[in-house]
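Just need the whole structure built from these sequences, with the hints factored in.
Going down the list, the sequences are from chains P and S.
Letter 108 of the first sequence, counting from 1, is numbered 108 in the working numbering, and no numbers are missing.
Letter 190 of the second sequence, counting from 1, is numbered 190 in the working numbering, and no numbers are missing.
One or more hints might be untrue.
Unchecked claim - Here are the computed lysine-lysine pairs in the DSS-like style, where the Cα-Cα straight-line distance is at most 25 Å:
id : chain 1 : residue 1 : chain 2 : residue 2
1  : S       : 42        : P       : 256
2  : S       : 44        : P       : 141
3  : S       : 44        : S       : 101
4  : S       : 42        : S       : 164
In short, the hints are calculated from the structure, not lab data.
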Amino acid sequence: MGKSFAIAVSVIALLSAGVFAARIWWLPPDISALGLRIDGQLAETMVFTGVLFVAAQLALAAFVWQSTGRTATIRLFPGGPMPLVGAATAIVGLEVLALVFIGTRVWSQAFLTPAPANAIHIDVQAGQFAFYFRYAGPDGKFGVPHPELINEGESNFFGLDPKNDTAARDDIVSASLVVPVDQPVLLTMHSKDVGHSLFIPQLRLQQDFVPGLIIPVHFTATGITKTEIVCTQLCGLGHYNMRAYFEVLSKDDFAKWLTDQAGQ
Amino acid sequence: MRIELVASVALCALTSMALTPIHHSAGGTVAGKVTYTGTPPKMKPIDMAKEPSCAKEHPTPVMNESVVTGPGNALGDVVVYISAGGPASAPPAAQATFDQKGCQYIPHVLALQAGQKLEIRNDDQTSHNIHPLSKVNPEWNKSQPPGAPPIEVAYDKPEFIPVKCNVHPWMHGYFAVLNTSHSAVTGDDGSFSLTGLPPGKYTVTAWQERFGTQSQEVTITGNETAKLDFVLKATEY
Numbered sequence: 001m002g003k004s005f006a007i008a009v010s011v012i013a014l015l016s017a018g019v020f021a022a023r024i025w026w027l028p029p030d031i032s033a034l035g036l037r038i039d040g041q042l043a044e045t046m047v048f049t050g051v052l053f054v055a056a057q058l059a060l061a062a063f064v065w066q067s068t069g070r071t072a073t074i075r076l077f078p079g080g081p082m083p084l085v086g087a088a089t090a091i092v093g094l095e096v097l098a099l100v101f102i103g104t105r106v107w108s109q110a111f112l113t114p115a116p117a118n119a120i121h122i123d124v125q126a127g128q129f130a131f132y133f134r135y136a137g138p139d140g141k142f143g144v145p146h147p148e149l150i151n152e153g154e155s156n157f158f159g160l161d162p163k164n165d166t167a168a169r170d171d172i173v174s175a176s177l178v179v180p181v182d183q184p185v186l187l188t189m190h191s192k193d194v195g196h197s198l199f200i201p202q203l204r205l206q207q208d209f210v211p212g213l214i215i216p217v218h219f220t221a222t223g224i225t226k227t228e229i230v231c232t233q234l235c236g237l238g239h240y241n242m243r244a245y246f247e248v249l250s251k252d253d254f255a256k257w258l259t260d261q262a263g264q
Numbered sequence: 001m002r003i004e005l006v007a008s009v010a011l012c013a014l015t016s017m018a019l020t021p022i023h024h025s026a027g028g029t030v031a032g033k034v035t036y037t038g039t040p041p042k043m044k045p046i047d048m049a050k051e052p053s054c055a056k057e058h059p060t061p062v063m064n065e066s067v068v069t070g071p072g073n074a075l076g077d078v079v080v081y082i083s084a085g086g087p088a089s090a091p092p093a094a095q096a097t098f099d100q101k102g103c104q105y106i107p108h109v110l111a112l113q114a115g116q117k118l119e120i121r122n123d124d125q126t127s128h129n130i131h132p133l134s135k136v137n138p139e140w141n142k143s144q145p146p147g148a149p150p151i152e153v154a155y156d157k158p159e160f161i162p163v164k165c166n167v168h169p170w171m172h173g174y175f176a177v178l179n180t181s182h183s184a185v186t187g188d189d190g191s192f193s194l195t196g197l198p199p200g201k202y203t204v205t206a207w208q209e210r211f212g213t214q215s216q217e218v219t220i221t222g223n224e225t226a227k228l229d230f231v232l233k234a235t236e237y
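This is the structure we're talking about:
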């Protein structure tokens, strides 16, 4: 019984680590300027934690195997349990800290560095249960949103005031996030109601919407694609249905798309 | 005795005929056209990309329907109804139907009488959550998955109720719950016709969701058709 348990533990540990090592279930190919470094960081974390996981499971299996059939006496570690627990906590803590320090280099590139000056600014609003994306339009200026003016029935999803605010008149509102390739993009993310999350696996980008905050996020897409954005924060009844398209176009196609949208 | 009985039965029959709302074919008619002056707002196309089963039902994008116009400044989806002076009538037995198809409300504006049975259907392959934003009548919202049986409701008090879908933000319509059975919703040509009006003096009101209401008085003396046109003031923003 003990020996078969030891075998089962070893097999489960090696198989589950093998799935990751062989990259059978991995993220979709990345199309982000930062993707390579993010994936590198992810792989590093996997190796760190994976080696410890396999070692711990195999050690467990070895002890079980060795002790099977023997009458065990529980003995304390020399010096009592405190130093052992203390040492284990310190080792694991140092490992986590090391990962954080190494990871910060990539994290700061994505979240702590301001977007490049030539970034295209797109305003993103999440609401139950759809995303809307706003571009400044031909005048290059955003109209000021007034939440009390939001009227979805009249397609005024952002609460713009075109009557009094001339900058708002040419704002382009799209249900899809369309961006040009190889060009930095700055998203300012805000929510109309509850918490939502924007997840674009190909960009290695996931950011929550927090009601009351405007959260800046920037990225550069390096490949032409059309994929799906799904909300990854349970936001209510229609959460399963909250999605949008993410489209990366060539610079010419993007310019044409923007012109078409402005004409509508 | 026998003659009296026959006479009273005949009288009863006549009286009930006079009181039934089916009596509409006889009587006067108010007919005309609703148009606008000024510049109406530019309607934007609706992007249904997030709901492919609906998007594929529309080869060309559907436009926002909050202002529907036709040739000659005609204004569609305007509710024209007798707002005062109308004969009291029981709600019609026929039920009103409001359909969800292609992630749109059909019709966009539904006129019905207070107390009239209303059937809400979902003819889409996706779930809807219908939410009429009533203030005078009790407010409710109900989820309706594909294939679910129709929702049956009635509104007791007159009210213009905006209707939205909690799942698809662009879906938008109106229930015009009226005190009268004499109502019409204009088509794209802006025309309307209220029939079966007994002689009397009436106030006729036209309502459009963005341009508000306008009322006029009209007198019907017999079986004639009184012509009545409305011109609503459109604003661009």
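Hints and how they fare:
1. Restraint check for residue 42 of chain S and residue 256 of chain P: satisfied, since their Cα atoms lie roughly 21 Å apart, inside the 25 Å limit.
2. Between residue 44 of chain S and residue 141 of chain P, the direct Cα distance comes to roughly 20 Å. Compliance with the 25 Å bound is thereby established for this hinted pair.
3. For a cut-off of 25 Å, the pair hint linking residue 44 of chain S to residue 101 of chain S stands: about 19 Å separates their Cα positions.
4. Among the hinted pairs, residue 42 of chain S with residue 164 of chain S is consistent with the structure: their alpha-carbon atoms are about 21 Å apart, no more than 25 Å.
Violated hints: none; the structure is consistent with every hint.
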